[in-house]
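Asker: So the chains spell out like this:
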Amino acid sequence: MITIKSDFLGMKLSNPLILASGIMGISVGSMKKIADNGAGAVTIKSISKEERLGHNNPTMFSFGDVFMNAVGYSNPGMIEAKKEFSDIDRIGVPVIGSVIGTKADDFVAVIEELGDIRFDAIEIPLSCPHTPGFGVLAGQGTPEAAYRITKAVRKATRLPIIIKLSANAPDLTIVAKAAEKAGADAINMGNTHGPGMRIDIDSGKPILDFKVGGISGPAITPVTVRCVYDIYESIKIPIIGTGGITTGRDAIEMMMAGALGLGVGTGIYYRGFDVFKKIANEIKDWMEKKGHLSLKEIIGVAHEG
Amino acid sequence: MRDDYPRSLEILEIEKEAKDLFTVFVKNTLDGFVPGQFVMVWIPSVDEKPFGVSYLEKDRIGITFEVKGKFTKKLAGMKKADIIGIRGPYGIGFPDPDSSTIVIGGGCGVSSLAPLMEKVKKSNSIIGARSKDMLLFRNRFKDAHFTTDDGTFGKKGFVTEILEEKLSALDKVSQVFCCGPEIMMSRVIEICKKYRKKCFISMERYMKCGFGVCGQCMCGDKVVCNEGPVFESKDVEGNPEFNHFARIKSGKKVPVSDYVRWRSCE
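Quick mapping for you: the protein sequence lines, in order, are chains A and B.
Under full-length UniProt numbering, the very last position in the first sequence is 305; numbers go up by exactly one each time.
Under full-length UniProt numbering, the very last position in the second sequence is 266; numbers go up by exactly one each time.
Read the hints as simulated data drawn from the structure, not as lab findings.
This structure is a prediction, so every number in the text was calculated from the model and none was measured.
A virtual CB, placed ideally from N, CA and C, is assigned to each residue, including glycine.
Careful: at least some of the hints might be erroneous.
Claimed, not checked - Chain B side only, calculated, beta carbon under 8 Å to chain A, not exhaustive:
no., residue
1, D47
2, K49
3, Q216
4, M218
5, S250
Claimed, not checked - In silico negatives: residues of chain B with every beta carbon more than 12 Å from chain A:
no., residue
6, I14
7, K19
8, N28
9, D59
10, R130
11, S131
12, N139
13, D149
14, G151
15, T152
16, E164
17, S174
18, P181
19, I183
20, N239
Generate coordinates for the entire structure from the input sequences, incorporating the hints supplied.
Answerer: Structure, rendered in structure tokens:
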């Protein structure tokens with residue numbers, strides 16, 4: 001019997017596909033829709049200490065295989081988030097709480113405030129490429145910052161901690177190792193790429209109101225595969241591969257590179273809410289053809305020999 | 001592969017429709033547009049917002065808007081040949097109307113219904129506004145029923161009263177289409193339920209992507225931009241957020257009245 005069940009950080013997942021943070025993670029209703037469409041787990045849209053309006057529109061658009069966004073971490077803040085996510089059990093699959101901050105204390109404050117919400121893990125993005133004060137633009141992606149923030153967060157929660165990194169880091173394996181050393185339970189590799197910019201040639205203005213934005217979509221898959229491949233051998237903790245996964249083939253490649261979890265976000269844009277079911281079925285079909293019975297037989301095989 | 005970026009278009013014309021109500025016309029580049037669907041309108045370096053289409057002609061489309069906040073003030077001040085961007089059409093529109101469909105619009109909600117009012121029996125359109133000077137399309141739909149809250153034009157009162165009169169008079173009515181404030185649509189749904197008529201409403205929420213990815217426009221378990229904005233009434237009945245809550249830009253859920261106030265400054 002073929003199974004794509006996955007045991008990830010103690011979460012029993014029906015499949016390794018995890019809704020990535022920032023997409024359809026605004027409410028219990030939105031995440032339930034994704035769970036009903038086959039996701040193994042879901043991640044909330046990141047929550048900060050204070051309410052954030054984010055950038056003006058346009059915040060999102062696509063050019064073929066390239067999807068761009070500069071939402072700017074809009075979120076209602078931790079006090080409202082407590083109400084918003086009070087009944088997450090209704091979602092029906094494990095829920096990962098994504099928490100952002102401009103300094104280590106902020107991450108801790110949000111985690112403590114959301115302490116009563118029954119998240120299954122906490123994700124800490126240190127990698128947003130387009131929001132001042134956060135992620136790459138705040139230097140959170142360096143090995144030192146990753147170590148410091150992970151260490152602080154480790155003391156604040158007993159839940160598994162996932163550190164989300166940027167493919168931009170020149171010393172990716174060192175950052176991943178620093179997070180692992182500080183107590184991270186998993187690495188999410190990674191965020192959107194860039195930032196990039198597209199200009200409307202009639203008005204001469206950048207399309208995104210923030211001018212620059214993160215790049216996602218099928219175009220970035222090869223970079224994610226390479227990044228997962230690079231860090232797989234340098235850390236022992238599991239990896240979620242996020243960035244470009246749109247088809248079963250992308251998912252299989254990501255697992256072969258070493259990913260145990262598979263983040264899917266922009267894939268919804270290209271294939272609909274049921275992209276999760278579609279990818280899961282494509283993985284199963286391929287396994288059947290190849291005679292594989294479980295995902296263990298696939299994960300990391302690109303490193304053998 | 002999909003492309004969803006704003007396509008720049010020169011403004012062909014801006015016309016004043018009523019007090020604080022204008023229509024901007026651009027070339028019709030929409031493929032297979034269904035009334036009730038919406039487009040995202042971009043003013044470069046300003047913002048981008050969702051709008052219905054009020055004039056659907058072979059060569060051009062018109063978008064009617066009320067001047068309220070920063071965006072609409074800017075749009076009303078633009079001139080012929082200035083550039084705006086359009087992306088879409090997005091969402092699910094109204095079903096095909098037959099001649100015995102009743103079409104009800106309140107305030108600026110009339111705009112996305114106007115192309116449908118052209119298709120139904122002339123006396124089956126009901127248009128309401130607070131006052132005569134804010135009433136849309138008085139000349140475009142001369143035989144429609146008009147109501148104003150203050151009685152300055154047409155019947156004094158609400159569009160829902162005309163609907164109830166029409167339904168109780170046993171006129172042949174196949175279905176009811178409606179767009180306006182949610183309190184009005186909520187009442188229309190109740191009336192349709194009483195007379196066992198199919199009813200479709202068009203919802204408005206603050207949007208970002210417009211194509212069902214970000215979740216900003218969630219209303220209960222509905223993704224308004226993608227599963228709506230037009231819903232059959234049975235699909236929103238019992239929705240805990242319809243006519244009660246909406247999300248502002250941060251994603252914070254607030255009472256609809258607070259949302260409307262916030263929107264009028266945006």
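Asker: Hint by hint, note whether the structure agrees.
Answerer: Against the structure, the hints:
Below 8 Å, beta-carbon pairs count as interface contacts, and D47 (chain B) has one with chain A at about 5 Å; its hint therefore holds. For K49 (chain B), the suggested interface contact is upheld, since its CB lies about 7 Å from the closest CB of chain A, less than 8 Å. About 6 Å separates the beta-carbon of Q216 (chain B) from the nearest beta-carbon of chain A, less than 8 Å, and the hint is met. Below 8 Å, beta-carbon pairs count as interface contacts, and M218 (chain B) has one with chain A at about 5 Å; its hint therefore holds.
Of the supplied interface hints, the one on S250 (chain B) holds, with its beta-carbon coming within about 5 Å of a beta-carbon of chain A, less than 8 Å. No beta-carbon of chain A is positioned within 12 Å of the beta-carbon of I14 (chain B); the least distance is around 17 Å. A cut-off of 12 Å between C-beta atoms confirms that K19 (chain B) is not in contact with chain A; the least separation is 27 Å. With 12 Å as the threshold on Cβ separation, the claim that N28 (chain B) sits away from chain A holds: the shortest Cβ distance comes to roughly 17 Å.
The Cβ of D59 (chain B) lies farther than 12 Å from every Cβ of chain A, with a closest approach of about 19 Å, so its non-interface assignment holds. With a least CB separation of 28 Å from chain A, R130 (chain B) remains clear of the 12 Å interface cut-off, as annotated. Every beta carbon of chain A lies more than 12 Å from that of S131 (chain B), the smallest distance being close to 31 Å; the non-interface claim holds. Residue placement check: N139 (chain B) keeps its beta carbon more than 12 Å from all beta carbons of chain A (closest about 34 Å).
With a least CB separation of 32 Å from chain A, D149 (chain B) remains clear of the 12 Å interface cut-off, as annotated. Look at G151 (chain B): its CB is around 39 Å from the nearest CB on chain A, clear of 12 Å, so calling it non-interface holds up. For T152 (chain B), the requirement that its beta carbon stay farther than 12 Å from each beta carbon of chain A is met, with the minimum near 36 Å. Interface exclusion of E164 (chain B) from chain A stands, the closest Cβ pair being 33 Å apart, more than 12 Å.
With a least CB separation of 31 Å from chain A, S174 (chain B) remains clear of the 12 Å interface cut-off, as annotated. Distance check on P181 (chain B): its Cβ is at least 23 Å (rounded) from any Cβ of chain A, clearing the 12 Å threshold; non-interface status holds. Every Cβ of chain A is farther than 12 Å from the Cβ of I183 (chain B); the closest lies at roughly 22 Å, confirming the non-interface assignment. Separation of N239 (chain B) from chain A is inadequate, the least Cβ-Cβ distance of about 9 Å not exceeding the 12 Å criterion.
In terms of the numbered hints stated before, the structure departs from hint 20 and from no other.
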